[in-house]
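Between the sequences and the hints, there should be enough to build the whole structure, so can you do that?
From first to last, the protein sequence lines stand for chains A and B.
For the first sequence, the positions run 1 to 317 when my numbering is used.
For the second sequence, the positions run 1 to 249 when my numbering is used.
Hint data in this document are derived by calculation from the structure and do not stem from the laboratory.
Virtual Cβ for every residue (Gly too), placed ideally from N, Cα, C.
Heads up, a few of these hints could be off.
Below, in silico cross-link-like pairs of lysine-lysine (DSS-like), each with a Cα-Cα straight-line distance of 25 Å or less [as the list claims (entries may be wrong)]:
1) A/Lys-15 x A/Lys-185
2) B/Lys-67 x A/Lys-177
3) A/Lys-116 x B/Lys-151
4) A/Lys-304 x B/Lys-149
5) B/Lys-247 x A/Lys-273
6) A/Lys-317 x B/Lys-247
7) B/Lys-193 x A/Lys-273
8) B/Lys-54 x B/Lys-212
9) B/Lys-151 x B/Lys-107
10) B/Lys-20 x A/Lys-137
11) B/Lys-231 x A/Lys-304
12) A/Lys-280 x B/Lys-231
13) B/Lys-149 x B/Lys-48
14) B/Lys-107 x A/Lys-280
15) A/Lys-211 x A/Lys-15
16) A/Lys-311 x B/Lys-241
17) A/Lys-181 x B/Lys-247
18) B/Lys-151 x A/Lys-181
19) A/Lys-141 x A/Lys-181
20) B/Lys-241 x A/Lys-273
21) B/Lys-227 x B/Lys-2
22) A/Lys-46 x A/Lys-56
23) B/Lys-247 x A/Lys-304
24) A/Lys-141 x B/Lys-212
25) A/Lys-177 x B/Lys-54
26) A/Lys-219 x B/Lys-196
27) A/Lys-280 x B/Lys-227
28) B/Lys-212 x B/Lys-227
29) B/Lys-67 x B/Lys-20
30) B/Lys-20 x B/Lys-2
31) A/Lys-304 x A/Lys-273
32) A/Lys-211 x A/Lys-12
33) A/Lys-116 x A/Lys-15
34) B/Lys-145 x A/Lys-273
35) A/Lys-137 x B/Lys-219
Sample of chain A residues lacking proximity to chain B, with all beta carbon distances greater than 12 Å (derived) [unchecked claim]:
36) Lys-56
37) Glu-63
38) Arg-202
39) Asp-239
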Amino acid sequence: MSVLLIVEHNNKEVKPFTFNAISAASQINEDVNVLVLGYNSDTVAKSISECPNVKKVIHINNELYENYLAENYSSVIIKLSEGYSHIICSANTFGKNLMPRIAALLDVSQVSDITKVISEDTFIRPIYAGNAFATVKSNDKIKCITIRPTSFDPAPSSGGSAEIQNGEPGDATELSKFIKKEEIKSDRPELGTARVVVSGGRGMQSGENFKLITAVADKLNAAIGASRAAVDAGYITNDHQVGQTGKVVVPDLYIAVGISGAIQHLAGMKESKVIVAINKDGEAPIFSVADYGLEADLFDALPKFLEELNKLNTIQK
Amino acid sequence: MKILVAVKRVIDYNVQIRVKEDGSGIVTDNVKMSTNPPDDNAIEEAVKIKEAGKATEVVAISVGEEKAQETVRKALAVGADRGILVKAEGTVEPLAVSKILQKIVEKEKPDLVFMGKQAIDDDCNQTGQMLAALLNWPQATFASKIKVKEKSLEVTREIDEGLETIEVNVPAIVTCDLRLNEPRYASLPNIMKAKKKQIEQINASDLGIDTKPRIDQIKVEEPPKRKAGIKVASVEELVQKLKNEAKVI
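See the structure below:
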């Protein structure tokens, strides 16, 4: 039996979390086959074939898959699923949207967002915003699993040369249509994979004030995060949200500025290696998870913090 | 147009979760329960569409134990016209919930089904997509904006990279993000009125759906505790600690 892993990409490049999913897949079974559904996506198929964990690439190159629509993806994946023991992808907005549609068509009870592989049928997954961890055993013949990317190290992206097999497209469903994607381009590291994340909350008071965060993030080569309160208030766009229903991040250093630390925010960052909290309310729950807490007005502390960083001879990148 | 909205009764989002000592689950006795937060957004959106004259009826449905009636009643108090409770004991996995909803959809024939994008208890994020698959309907997940057109919806979705807009043919399933709208509070007169609205009760077994979990829950544990941190007195001390003690900058 082997694993079928669904590759997330933009027809040019493989999205980085795919490699974390591949590493989880390899722990389940070494025979990892990956599926690339795309259009003019030869470079994607080629690049994923170089991941040494991958045993075979199935590439279906068709206009139908130019944009990712779960309806079109799931119908062809069902056809290909025979003979596989597991179907896997990342538990990000890509996989969360796709996998349940596959699972239901296969009459499988999906296991979402696993953080650990115990055996080929037993996994650990967080529940209640990570306030509890459940060990669960799947009894279905095919196991449909999404993996929490930040809980697995990425598989290497080079050194292998798997066979690339071309496959036949499925039927067009015509139920839905892609209109547009407003992707926020940035030169910063991606929030999900950055070594350092600097996040702002409601305490920032305005979008304009996020420039204080940006300046520190520039210095530390960090990604910028935000609490839901900051996104809801319109200070910053939704792609920055960290939390139970946003992104889960596990950087080496997480700096929470003006964030009180609601359970839902902690769910997205409390596994970070080192946590710093800067908040003027000494009772804020964020201090309960912080390794280093600074009780201070962020409008004084952030410029000073930048000044101190500027004094250092070297800063890790 | 008729809209069916699925709501789930969960432990209130402000409650500090406690794991049972024997590892068999979460303590739920004497714990405050509420509507799953994004399900409130789903109801709000359906009611707004009706108020705009684009829907004729909003039906709220919940699957769960008898007490889930409170959750349906709350939806009635903010504007749903009538309710349905499908009774099932114990854990009902998203696959079983979606099969129950499929049966109800076949009977009620709504044009749209709304629900929250994720339940904050099991954090599965599956039911809407599963229901869409079973019905062979399109799905618009993580919706933060919905535009009702003649025979379709234009939906803006919150995705990792930013925002995506898709068009889905009606009938369709929409799973709602917390940013879709600001749910209203129920006024006292509307709470009183809701008490008179009808809630139909159905047993899951009468629908021919087996709700026995497929997945074995072997144990539930508390997450590892972080060791207590320290408070630093100044920015200078913070930077020194990060450089020399934690060695992360």
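We went through each hint and held it up to the structure:
no.	hint	result
1	A/Lys-15 x A/Lys-185	holds (14 Å)
2	B/Lys-67 x A/Lys-177	violated (40 Å)
3	A/Lys-116 x B/Lys-151	violated (44 Å)
4	A/Lys-304 x B/Lys-149	violated (52 Å)
5	B/Lys-247 x A/Lys-273	holds (11 Å)
6	A/Lys-317 x B/Lys-247	holds (12 Å)
7	B/Lys-193 x A/Lys-273	violated (52 Å)
8	B/Lys-54 x B/Lys-212	violated (38 Å)
9	B/Lys-151 x B/Lys-107	holds (21 Å)
10	B/Lys-20 x A/Lys-137	holds (19 Å)
11	B/Lys-231 x A/Lys-304	holds (17 Å)
12	A/Lys-280 x B/Lys-231	holds (12 Å)
13	B/Lys-149 x B/Lys-48	holds (15 Å)
14	B/Lys-107 x A/Lys-280	violated (56 Å)
15	A/Lys-211 x A/Lys-15	violated (28 Å)
16	A/Lys-311 x B/Lys-241	holds (15 Å)
17	A/Lys-181 x B/Lys-247	violated (39 Å)
18	B/Lys-151 x A/Lys-181	holds (22 Å)
19	A/Lys-141 x A/Lys-181	violated (36 Å)
20	B/Lys-241 x A/Lys-273	holds (14 Å)
21	B/Lys-227 x B/Lys-2	violated (53 Å)
22	A/Lys-46 x A/Lys-56	holds (11 Å)
23	B/Lys-247 x A/Lys-304	holds (20 Å)
24	A/Lys-141 x B/Lys-212	holds (17 Å)
25	A/Lys-177 x B/Lys-54	holds (22 Å)
26	A/Lys-219 x B/Lys-196	violated (61 Å)
27	A/Lys-280 x B/Lys-227	holds (22 Å)
28	B/Lys-212 x B/Lys-227	violated (40 Å)
29	B/Lys-67 x B/Lys-20	holds (22 Å)
30	B/Lys-20 x B/Lys-2	violated (42 Å)
31	A/Lys-304 x A/Lys-273	holds (24 Å)
32	A/Lys-211 x A/Lys-12	violated (32 Å)
33	A/Lys-116 x A/Lys-15	holds (21 Å)
34	B/Lys-145 x A/Lys-273	violated (36 Å)
35	A/Lys-137 x B/Lys-219	holds (10 Å)
36	Lys-56	holds (26 Å)
37	Glu-63	holds (17 Å)
38	Arg-202	holds (15 Å)
39	Asp-239	violated (5 Å)
Hint violations for this structure: numbers 2, 3, 4, 7, 8, 14, 15, 17, 19, 21, 26, 28, 30, 32, 34 and 39, all remaining hints satisfied.
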